[in-house]
Structures are given as structure tokens and as C-alpha cells.
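Just need the whole structure built from these sequences, with the hints factored in.
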Amino acid sequence: MHENPRNMTQGQFSFLPPLTDDQIKAQIAYAIKKGFALSVEYTDDPHPRNTYWEMWCQPMFDTKDPAAVMLEVNECRKTWGANHYIKVQAFDNSRWRESVAMSFIVNRPKHEPGLALARTEGPGRTMQYRVHSYATDKPRGERYK
Amino acid sequence: MTAEAAEKLPEFFDLDGEFARSNVQEVLDKLDRELVGLAPVKQRIREIAALLLVDKARRTLGLETEPPTLHMSFTGNPGTGKTTVALRMAEILKNLGYIRQGHMVSVTRDDLVGQYIGHTAPKTREVIKKAMGGVLFIDEAYYLYKPENERDYGQEAIEILLQVMENNRDDLVVILAGYANRMEIFFQSNPGFRSRIAHHIDFPDYSEGELLNIAKLMVEKQQYKLTSEAEKVLKDYIPRRMRQPHFANARSVRNAIDRAKLRQANRLFGSKNRTKLTKADLTTIEAEDLLQSRVFNAVNPDK
Ligand SMILES: Nc1ncnc2c1ncn2[C@@H]1O[C@H](COP(=O)(O)OP(=O)(O)OP(=O)(O)O)[C@@H](O)[C@H]1O
Ligand SMILES: [Mg+2]
Numbered sequence: 084m085h086e087n088p089r090n091m092t093q094g095q096f097s098f099l100p101p102l103t104d105d106q107i108k109a110q111i112a113y114a115i116k117k118g119f120a121l122s123v124e125y126t127d128d129p130h131p132r133n134t135y136w137e138m139w140c141q142p143m144f145d146t147k148d149p150a151a152v153m154l155e156v157n158e159c160r161k162t163w164g165a166n167h168y169i170k171v172q173a174f175d176n177s178r179w180r181e182s183v184a185m186s187f188i189v190n191r192p193k194h195e196p197g198l199a200l201a202r203t204e205g206p207g208r209t210m211q212y213r214v215h216s217y218a219t220d221k222p223r224g225e226r227y228k
Numbered sequence: 005m006t007a008e009a010a011e012k013l014p015e016f017f018d019l020d021g022e023f024a025r026s027n028v029q030e031v032l033d034k035l036d037r038e039l040v041g042l043a044p045v046k047q048r049i050r051e052i053a054a055l056l057l058v059d060k061a062r063r064t065l066g067l068e069t070e071p072p073t074l075h076m077s078f079t080g081n082p083g084t085g086k087t088t089v090a091l092r093m094a095e096i097l098k099n100l101g102y103i104r105q106g107h108m109v110s111v112t113r114d115d116l117v118g119q120y121i122g123h124t125a126p127k128t129r130e131v132i133k134k135a136m137g138g139v140l141f142i143d144e145a146y147y148l149y150k151p152e153n154e155r156d157y158g159q160e161a162i163e164i165l166l167q168v169m170e171n172n173r174d175d176l177v178v179i180l181a182g183y184a185n186r187m188e189i190f191f192q193s194n195p196g197f198r199s200r201i202a203h204h205i206d207f208p209d210y211s212e213g214e215l216l217n218i219a220k221l222m223v224e225k226q227q228y229k230l231t232s233e234a235e236k237v238l239k240d241y242i243p244r245r246m247r248q249p250h251f252a253n254a255r256s257v258r259n260a261i262d263r264a265k266l267r268q269a270n271r272l273f274g275s276k277n278r279t280k281l282t283k284a285d286l287t288t289i290e291a292e293d294l295l296q297s298r299v300f301n302a303v304n305p306d307k
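Line by line, the protein sequences are chains H and P.
FYI, the numbering for the first sequence is 84 to 228, going by our numbering.
FYI, the numbering for the second sequence is 5 to 307, going by our numbering.
You may find that some hints are simply not true.
[To be verified] One side only, chain P facing chain H, incomplete, derived with CB under 7 Å:
no., residue
1, R104
2, H107
3, M108
4, S110
5, K133
6, K134
7, G137
8, D175
No wet-lab data here; the hints were simulated from the structure.
Each residue gets a CB set at the ideal place from its N, CA and C atoms; glycine is no exception.
Encoded structure:
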């Protein structure tokens with residue numbers, strides 16, 4: 084049986100233990116080899132449908148080495164790491180694909196209170212579900228403290 | 005190191021084998037073939053290659069090694085081959101496994117320093133990111149430092165560079181280049197740079213004979229030929245050009261050849277047999293193609 088973690092899950096690998104820096108570098112090296120443009124984004128709104136996060140830096144189109152992306156990941160961790168999620172995204176700009184090809188979390192806040200599931204009964208005993216993150220009860224910037 | 009790990013270390017290191025595998029000899033040979041003269045520079049490059057190989061050997065046999073500092077400074081007058089050698093250096097370091105990608109990003113102050121507050125750091129970082137895994141070549145590095153203006157944004161670029169040169173030694177090799185005397189002043193006022201640079205390589209000016217050989221090499225590489233008359237003129241041309249202002253060693257030679265090609269093309273257009281040009285016509289540079297140069301105009305050589 085798989086036990087749902089309280090941690091936010093989004094993108095690749097998010098059910099696994101956090102990736103080590105070497106594992107992150109290996110993923111980035113793969114993305115560079117494929118010619119994807121890499122970007123670093125962060126947020127403190129963990130809702131599963133929140134896919135547009137804040138951009139940390141310009142997307143990196145012409146970096147040749149994973150160390151360059153790690154530089155930005157580490158800078159972003161220094162600024163936002165204590166109470167934000169950070170992810171690395173790889174965009175495939177090749178014709179017909181033109182979309183995000185990889186996305187994985189590289190930083191989590193120290194403590195993740197998790198998500199609540201709220202049920203609302205509708206007409207004819209229909210049920211509506213709502214996912215709500217405890218963190219967003221507080222305003223932005225004051226979450227995960 | 006644990007006892008277990010120590011047991012697994014090999015007893016021997018095959019320096020010859022490792023050298024052969026690295027293909028460094030090929031790069032050094034190419035350097036010898038394509039670059040005339042520069043004996044002290046080539047010697048230093050051989051020494052650095054040897055040092056890096058021995059360092060690798062020591063590491064393999066479990067001896068104490070510090071990760072070698074590879075940042076360098078190339079000093080010399082314009083056109084002495086600094087940029088060209090830096091490109092080769094990137095190749096050598098890649099072959100020896102000291103940089104991962106082997107490319108070179110060449111920049112000057114304008115690529116690193118911004119126009120307004122908050123512009124410089126992202127600009128410098130952008131350049132550093134592009135160069136990661138390879139060589140960052142900073143031409144005329146001393147323009148980064150402008151002591152007459154205490155709010156100069158160059159200082160910010162310098163600080164970021166110093167940090168990266170220290171913390172990302174495995175990710176990036178920085179080569180600073182410029183004229184010797186100005187670099188010396190730059191290092192005096194920026195001891196942080198000096199202490200992070202392991203190899204100072206000086207590029208001497210070329211002699212007359214070397215410049216002639218460089219010219220011949222360039223002509224041959226571009227599939228042109230000099231008539232024996234033209235070669236005599238070229239021999240006469242070089243010392244005259246050396247005495248002129250703005251002489252830039254091999255670059256001046258390259259420019260002279262480019263202009264000779266231009267005049268040759270012009271001559272061919274004016275020639276009677278222009279409807280049936282042969283390969284020989286297209287490849288031959290005549291004395292007159294060189295003689296029209298302003299250096300032969302004794303009355304007003306600067307015209
Ligand atoms: N020893 C040499 N043999 C053959 N060609 C050379 C040699 N040195 C330089 N050249 C040629 O001369 C030109 C100028 O060289 P390069 O750009 O490397 O000089 P530089 O020292 O970087 O000059 P600057 O300081 O002005 O940037 C290039 O086209 C290069 O190929
Ligand atoms: Mg140059």
C-alpha cells in the first residue's frame with residue numbers, strides 16, 4: 084500500500100525522497116543534452132493546480148554545463164529556500180512539442196503542514212471535493228515560518 | 005581515507021598511457037604546426053599539461069592533492085596570439101579532464117558591467133553561466149577596474165568573478181588577458197585576482213622572420229600563393245609595417261593579406277582574360293597586390 088505523503092507532490096520524482104545535489108545535476112545534464120531550456124522557479128502556494136510559479140531568473144538557453152543551473156538553484160535557495168518550494172523546469176522548444184518536458188522539485192520548506200480535503204454536499208447527495216493547503220491560510224511571505 | 009579504500013588503490017600509474025589517452029600530444033602538435041614561434045608559451049603549456057597529468061597520477065595513487073588552480077593570465081601586445089592560445093588551452097584542459105565541456109566564452113568589460121544599479125550582477129552571472137564547464141576569457145581585464153570613479157560598477161563584476169574563481173574552481177577556468185604593464189598595475193590594485201591566478205604567461209612580440217612565416221602560413225592556409233616577386237615585396241613590407249603606428253603583430257599581417265586579397269580581386273575584375281580565369285589566376289597574389297600598400301608610399305606613409 085502506498086501511503087500518501089503529507090509533502091506536496093508535483094512534477095517528477097516528488098514521491099521519492101528529496102533528490103541530492105548530484106542527482107539534480109544529473110537530471111540537468113540530461114536536459115542540457117536534450118537541448119532543453121532550463122529555468123528555476125519558486126512558490127509558497129503548494130496547491131497541486133498552482134503550476135505558474137515565480138521565475139527566479141531568465142530561462143537559460145545556452146548554458147553548456149549543469150554547474151551553471153546549480154549556481155542559480157543555490158542562489159535561489161539562499162534567498163527563498165527556508166520557506167519556499169523551488170523547482171527546475173526544462174522547456175523543449177522543438178516544433179510540435181513546445182512545452183515543459185521536465186519539472187522537478189529541488190527545495191522544500193522545512194516543515195510542510197500539508198493539504199486538507201474538504202467535502203461539500205450538493206443536490207442529490209453529489210459530492211464536491213476541495214483541496215486546501217494549510218500554509219495558504221497565512222498571507223504570502225508569512226507561510227512556512 | 006578509510007583503510008578499505010586505501011587497499012583498492014592501484015600500485016602503479018602509467019603516465020605514458022594516460023598521456024596517450026588524453027590526446028594532448030595531438031593538441032600540442034597542432035599548436036606547433038599552426039602557431040609560428042611562441043617558444044616560451046608553448047613550453048609553459050607543456051609544463052602545465054605535465055603538472056596536471058602528475059596531479060592526476062598522485063590522486064590515483066592516493067597521495068595528497070589540492071585541486072589545482074588553473075586560472076591564468078596572458079599578457080602581451082595586440083596580435084601576439086593570446087586569444088588563439090586560450091582556445092587551445094580550453095581544448096587541452098578538456099582532454100585532461102579539468103573542464104567538462106571545453107568551450108571558450110570571450111568577453112570584455114562591456115559584456116560584464118551594466119549601465120545602472122542592479123544591472124551588473126545579473127549580467128556578470130549570465131556570462132559566467134555561459135562559460136561554466138569551459139574557459140572564460142576576459143580580454144583587457146584591467147578595464148574592469150576604474151579607480152578614478154569610486155562608484156564604478158566594474159567593482160561589482162570583479163567581486164562576483166573573485167567569488168566564482170574561488171568557489172567554482174571545478175566548474176570554470178578564467179583567463180585574463182591584456183598588455184603586460186597595465187595588467188601589472190591591475191594586479192597590484194586587485195591582489196584578490198593575483199592570488200587566484202596560478203599561471204602567468206607572457207607572449208613576446210614576433211620577430212621579422214616569424215612574421216614572414218606567419219604570413220606565408222596564412223596565405224597557404226587560405227589557398228593562395230605568392231609569386232617570388234610578391235614574396236620579396238612582403239619581406240620588405242614587414243619591417244616597414246613594424247615601424248608604423250598601431251602595429252599589431254600577427255593581426256597586422258593578417259590584415260595586410262586581407263587587403264592583398266582585395267586588390268587581387270580588383271585586379272582580376274580589371275583583367276582582359278576575366279571571362280576565362282584559371283585556378284592559378286584565382287590563387288596567385290602578385291607583387292603589385294602588395295605594392296599598393298600605403299607603407300610603400302614614402303612621402304606620406306600614413307595616407
Ligand atoms: N604564432 C602565430 N602563428 C600564426 N598565426 C598567428 C600567430 N599568432 C597570432 N596569429 C594570428 O593572428 C591573429 C591575431 O591573434 P590573436 O587574436 O590570438 O591575438 P591577441 O593576442 O588575442 O590580440 P589582442 O590582444 O589584440 O586581442 C589571429 O588571426 C591568429 O590566428
Ligand atoms: Mg585577442
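>> Check the structure against each numbered hint from earlier and tell me which ones fail, lowest number first.
In response: 3 and 4
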